[in-house]
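Model the full structure from these sequences, guided by the hints.
Number of protein chains: 2
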Amino acid sequence: MSEIYRASTTAPVNIAVIKYWGKRDPSLNLPTNSSLSVTLSQSDLRTHTTASCSPTYNSDSLLLNGSPQDTSGSRTQACFRELRSLRSELEKSDASLPKLSTQKLKIVSENNFPTAAGLASSAAGFAALVRAIADLYQLTATPTELSRIARQGSGSACRSLFGGYVSWEMGSAADGSDSLATEVAPSSHWPNIRAIILVASSAKKGVSSTSGMQQTVATSELFSHRAKVLVPERMTKMKDAIKRKDFAAFAELTMRDSNGFHATCADTYPPIFYLNDTSRAAIRVVENINAAAGRSIAAYTFDAGPNAVVYYLAEDEGAVAGVFKGFLGEKEGWGSERGGKVKVVEGKDLDENAVQGLKDGVSRVILTGVGEGPISVQDHLVDEKGEAVAR
Amino acid sequence: MSEIYRASTTAPVNIAVIKYWGKRDPSLNLPTNSSLSVTLSQSDLRTHTTASCSPTYNSDSLLLNGSPQDTSGSRTQACFRELRSLRSELEKSDASLPKLSTQKLKIVSENNFPTAAGLASSAAGFAALVRAIADLYQLTATPTELSRIARQGSGSACRSLFGGYVSWEMGSAADGSDSLATEVAPSSHWPNIRAIILVASSAKKGVSSTSGMQQTVATSELFSHRAKVLVPERMTKMKDAIKRKDFAAFAELTMRDSNGFHATCADTYPPIFYLNDTSRAAIRVVENINAAAGRSIAAYTFDAGPNAVVYYLAEDEGAVAGVFKGFLGEKEGWGSERGGKVKVVEGKDLDENAVQGLKDGVSRVILTGVGEGPISVQDHLVDEKGEAVAR
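Line by line, the protein sequences give chains G and S.
The letter at position 44 of the first sequence is residue 44 when you use the UniProt record's numbering, and the numbering goes up by one with no holes.
The letter at position 58 of the second sequence is residue 58 when you use the UniProt record's numbering, and the numbering goes up by one with no holes.
Note that these hints are calculated values from the structure, not bench results.
Treat the hints loosely; a few may be bogus.
Since copy identity is lost for identical chains, a pair holds within one copy or between any two.
[As the list claims (entries may be wrong)] Below, simulated DSSO-like cross-link-like pairs (lysine-lysine); rule was C-alpha separation at most 30 angstroms, straight line:
no.	residue 1	residue 2
1	K348	K23
2	K23	K228
3	K92	K341
4	K385	K343
5	K385	K341
6	K359	K331
7	K99	K245
8	K348	K359
9	K23	K343
Owing to the predicted nature of the structure, the values given are computational and were not obtained by experimental measurement.
What follows is the structure, encoded as C-alpha cells:
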C-alpha cells in the first residue's frame, strides 16, 4: 500500500476594520486599497483542514463540511499551482525528497461555525488550505510569502495567515508580488480586544443585493476618492492606534471606515445594500452605549452582509456585551464559555425602536476576541488509508 | 372699521432630482451645491396661503392647518423683513400707497395633503408665504428675485416659485444675492412627466436618524467630492436631458444622484439613514420594472425620508404605476382621479421579497405629475373682517 502524506492545520476568521473592497486586477485579486483586520480566536471560529497527497489519488478533491467542492475554479487552481511550484523547487534541490508535487491532493475541511451564519468563511478556508498544503510540502516560505498565494484564493484570506492585527498592503507591482499581508502587532501586544457578533436572522431577509465589488469600482463616483485618499490616511492612523492601544481612536476609525465602505456600496449603480434595518438598529445601540459611557467603548463594523461585529475591550465587557445580553439574552450563543461569563448590564437611554429591531432581527450571538494565526494540529481529517474521517 | 388687505396664492411641492444637501452659510441658507427639481401638480399637492395686513392687527401671526405657528424664528422673520423692505421702497417712491410695510401680518395657510405623509411641506409653505405677501404688497419682483427671499425661509422653497423644471444655482456671493432659482424649462416643454409617491408606513418606523445636513458637511469625507465635483457635472447633464426630453438620461441621473446623496448621509459620523427596508424594496422593484422594459422607464428618488418618489412618462403609466397598482391596489390613494385611471399591469420577474416589503411597508400612494408654479387665487383664508376662515 502506497504512503499517504498528511498535514493538518486550523486557521482563523478575520474581520477587517479597514475594509478591502475593489480589485485593480480581478484575476490576481489585487486590491484597489490596503486593508487591516483583527484575527479572531479559533476557539470560537475556525476552519480545520487536512491536506493530503498520495500516488493512489486519481484527482484533486476538496471536501468541505462533508460536501464535495469544485476544485477546477481558477482560484483554487492558482493556489494548487503556486504551492506545487514551490514544492517542485524543493524537490529539484534535494533528490531524496518524495515527489509530492506530482501527486493529486485530497483536502478535507470543516468549520466549527454554521455556514448559515453568513460569516465570511472563505478567508479562513483558503488560509487553512494554503497553510496545510505548505506544511504537507514542508515549504520554508514565511506567512507573508504564503499570503501572496492565499490572496489568489480569496483576497482577505491573506490576512488569516497571521494572528493579532494584520495589514494587507495593496502593493504596486503588476504581478502582485508585493501585495502581501504583514503583522501589524501580535495578539499578545493588545490581547484584550473582544468582539460580539450579532448574527442577523435569515427570516428577516432583506432585498437581494446585486452584488459585486467590481460594480462599485466601475460605477461609484465616490469610490475612487475612498480608495485613493481616505483609506491610505486611515491605514496610517489605524496602525498608530493599534501600536498605542488607543481604543477610542481604533473605534472611531473602524466605524468611519465601515460607514464609508457601505456608503460607496449605496453609491454603486444600481445600488448595493448590505445593511438592513437590523444592522442600523445595531449601529444605534452602539451609539447609545458610547453616549452612556461618554467615550467610544464599542465599535461596530459590517462586512458585505447585515451581521454586526462589535469590538470592545475586555474591561468594558459588561458595558458592551452585557448591555446586549440584557435584551438579547434569550438568543442562541450565550451558552458558550465566553457568553456565560458576560454579566447582564441594564443599558442607559437605549433607542427603543433599535432595541426592538435587534430583538426581532438577531438570530444568535457569537462572543469572541482577538486570537492567534494558523495552528498546526495532529488531528487529521484524512485517515491513514487516505479516506476522509467520518465525524 | 379699518380696511383689511388680502392676497391669496397656492404654491406647489417640488421634488429634487439633483439634491440640495449642505449649507455653506446656515443663516442665509446658502447651499454647498446647486440643485434641480421637478415642480409637482397642485391638484395633488399644494399649500394654499392668504397673506393679510391691517392697522388693527396687534402682532404678526401664522396659522397652518388651524394651528398657530411661531413667527419669531429667524427664518420667518427674514422673509417678513425682506418683503417689508421691498414694500417700503415702493411706498417711498409713491406717497399715495397705503403704508402696509408698517402693519402687522396675518398669514393663514392650509395644505391639501396630510402632514403625516412626511412630504417636505416647508418648500410649498415658504413659497406660498413669500408669493402671497409679495402679491399683498403688489411688489414687481420677479420669481427669481423672490427666490432669494424664499430661500431664507427654507432652502428648497426657492424652487417652488416656478413650475416645471427648476434649478437653484448655488451662487458664490457671500451675501447670497446670486443664490437664486431659475426656470430650466416650463411644464409645457415636457408635460408628460408623472410621479408616484410611495408613502412609507409610520408603523414600519425605522430607527431615528441623528439628522442634520451640517453633520454631513462636517464629518463625511466623501461629501465634498460630491458637492464640488459630481453635482456640477450632473447639473449640466440634467439640464441637457430635460432640454432634449431624454427620459433615460433623466432617470439615470436622478437615481445616481439620490444614491449618492444617501451615500454621503451613510458616510456621516455618526451615520444618518433615511432609507429603510421599504425604501430599498422600492428601489428593487424600479430596477425590475426597468429590466422588464429593457430601458429606464422609471426613476426613484428619496428626500430626507423613506418615501419613494418614482418618476415616469405618461406613456409608460401602465408599465410603472400599473405594476405598483398590481400589488399595492388595496392601499389608500388609488381612488383619486389620476389613480383611478391607472390600469393594472402584472409585473414581470419582480423580486418577491421586495414586493412583500412594499406590501408591508407602504401606507398610501399619491399619483401626481409635473405642474405649474404659484397661482394667484381669490379664495381667501382670511375674511373681510380679518378673521381666519373656518373650514
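Please list, smallest to largest, the hint numbers that this structure does not respect.
1, 3, 4, 5, 7 and 9
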